[in-house]
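Peer 1: Given chain A, put chain B in place with the hints provided.
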Amino acid sequence: MEVKPNFTKDILKIHDIESTVNAICNNLKNDILKVLRRKGGIIGISGGIDSSVTLALAVRALGSDKIKGLMLPERDSSPESLELAKKLADKFHIQYEIEEISDALDGLNCYKRRDEAVKKVFSEYDPLNYKFKIGITPNPLNPSLPAIFNATIIDSRGEKNSKILPLAEYLQIVAASNFKQRTRMSMIYYYAEKMHYAVIGTPNKHEVEQGFFVKHGDGGADVMPIAHLYKTQVYQIARYLDIPQEIIDRTPTTDTYSAEQTQEEFFFQMPFYLMDLLWYAFENNFDAEEVGEVVGMTGKEVQSVFNGFVRKIKTTDYLRMSPIKY
Amino acid sequence: MEIAIMQIEQLRNFISEITFTDIDKIREDTLIFEEGIFDSLGFLSLISFLDEEFGVEVENDELNEVNFESINAIVAFIAKKKIIQ
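Keeping their order, the protein sequence lines are chains A and B. Counting from 43, one number per residue, gives the positions in the first sequence under the numbering used here. Counting from 5, one number per residue, gives the positions in the second sequence under the numbering used here.
Quick caveat, the hints were computed from the structure, so don't treat them as lab data. Worth double-checking, as some hints may not be accurate.
Straight-line Cα separation of at most 30 Å, DSBU-like style, residue types lysine-lysine; simulated pairs [claimed, not checked]:
1) Lys-162/A <-> Lys-81/A
2) Lys-162/A <-> Lys-84/B
3) Lys-205/A <-> Lys-85/B
From the derived model, a few chain A residues whose C-beta atoms are all more than 10 Å from chain B [as the list claims (entries may be wrong)]:
4) Asn-151
5) Ser-228
6) Met-237
7) Pro-294
8) Arg-353
Note that the Cβ used here is the ideal one computed from N, Cα and C, for glycine as well.
Chain A on its own, in the form it takes in the complex (with noise of 0.2 Å):
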């Protein structure tokens, strides 16, 4: 029988990071060759963390000849996502399209549909004038109530103007959002059918437990190679495997609005060592005393976290199902 470790804060570590890398690639290797039966396989690179290290993992695994990038910056891009992808797309020797998407979201309305929903909130609010984004009310430690969104305008001089977002609007906003994540994967599909190769997907093990991925949009792929990984490991790994040390020091952000927007302000609400160790002791059933004492919270504060976790499970499930069959 396994005994169970003493929660620690380095419980997380990977200690053998090579042995957990081969086997990485080794599982990718044979999925995407022999289960998916595939080519090859092409990943949509931000610039961000996990594209990275999925990136580089997927070379590694297939070698850079059987490995395609493709860049698939809109207006609301950060410029920085486009040039730190191209960076590591060269280091890895790997050939990249860019595909600019912002005409295909005018064809769907994204924008407009958008900007349409803000302006109900923002009477003044003009996307050339302004620039927006949502965010999470503050409450890291007291997730017994679940996050509410807010929206923020802000204009040329800097000054902000922030709201609790109506139902309806709050809706809108996102629905036409994911415009941008769904639009990514049809064009990262168009490359994957037209090249025969494999949807190689980027999240890691927090967006898809805690659901924070667009249905049919980054979440559509035919492997995730980094889904079991929490956010530190991923790190770790991107330094063994010598990812750019501009990509490994930003800041992750959504690159989805036009105002910059980290992902601990949209969606997690705690740093990611944090949010690492709590999901950890979470899904292993440690005491929350025993968690709180290592990580400086009260086993009381500890305990609202994960009930703050069971919620995002549930209230999340949905969009990890599959279509239910008849």
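Peer 2: Chain B alone, transformed into the frame defined by chain A:
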């Protein structure tokens, strides 16, 4: 008092409808968040409902357990807001 009773019934019906929960399981003192009845979307719906039905606008700093943990808490919150308004 009668107003409070009416509000309780309105809230029970609303919560039952929005969360797909049997109305008999929703009492005035049910801890609606702890028992996993509400998610983010439900919470947002509730805030919109308070605005549309009772003319109560919720501020960011009012989003806490004291104001929202149960129907009783929400009714007390509505009363408090009405006095301020």
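Peer 1: Each hint needs a verdict: does it hold in this structure or not?
Peer 2: These are the hints, each one checked on the structure:
1. For the hint pairing Lys-162/A with Lys-81/A, the CA-to-CA distance comes to about 49 Å; that exceeds 30 Å, so the pair is violated.
2. Between Lys-162/A and Lys-84/B the CA atoms are separated by roughly 28 Å; this keeps the pair inside 30 Å, and the hint holds.
3. Using a Cα cut-off of 30 Å, the hinted pair Lys-205/A and Lys-85/B holds, with the two alpha carbons roughly 18 Å apart.
4. Once the 10 Å rule is applied to beta carbons, Asn-151/A is consistent with being away from chain B; the minimum gap is 24 Å.
5. The beta carbon of Ser-228/A is kept farther than 10 Å from every beta carbon of chain B, the shortest such distance being approximately 26 Å.
6. With a least CB separation of 39 Å from chain B, Met-237/A remains clear of the 10 Å interface cut-off, as annotated.
7. Non-interface call for Pro-294/A relative to chain B: holds, since the shortest CB-CB distance, roughly 21 Å, exceeds 10 Å.
8. Not every Cβ of chain B is farther than 10 Å from the Cβ of Arg-353/A; the closest lies at roughly 6 Å, contradicting the non-interface assignment.
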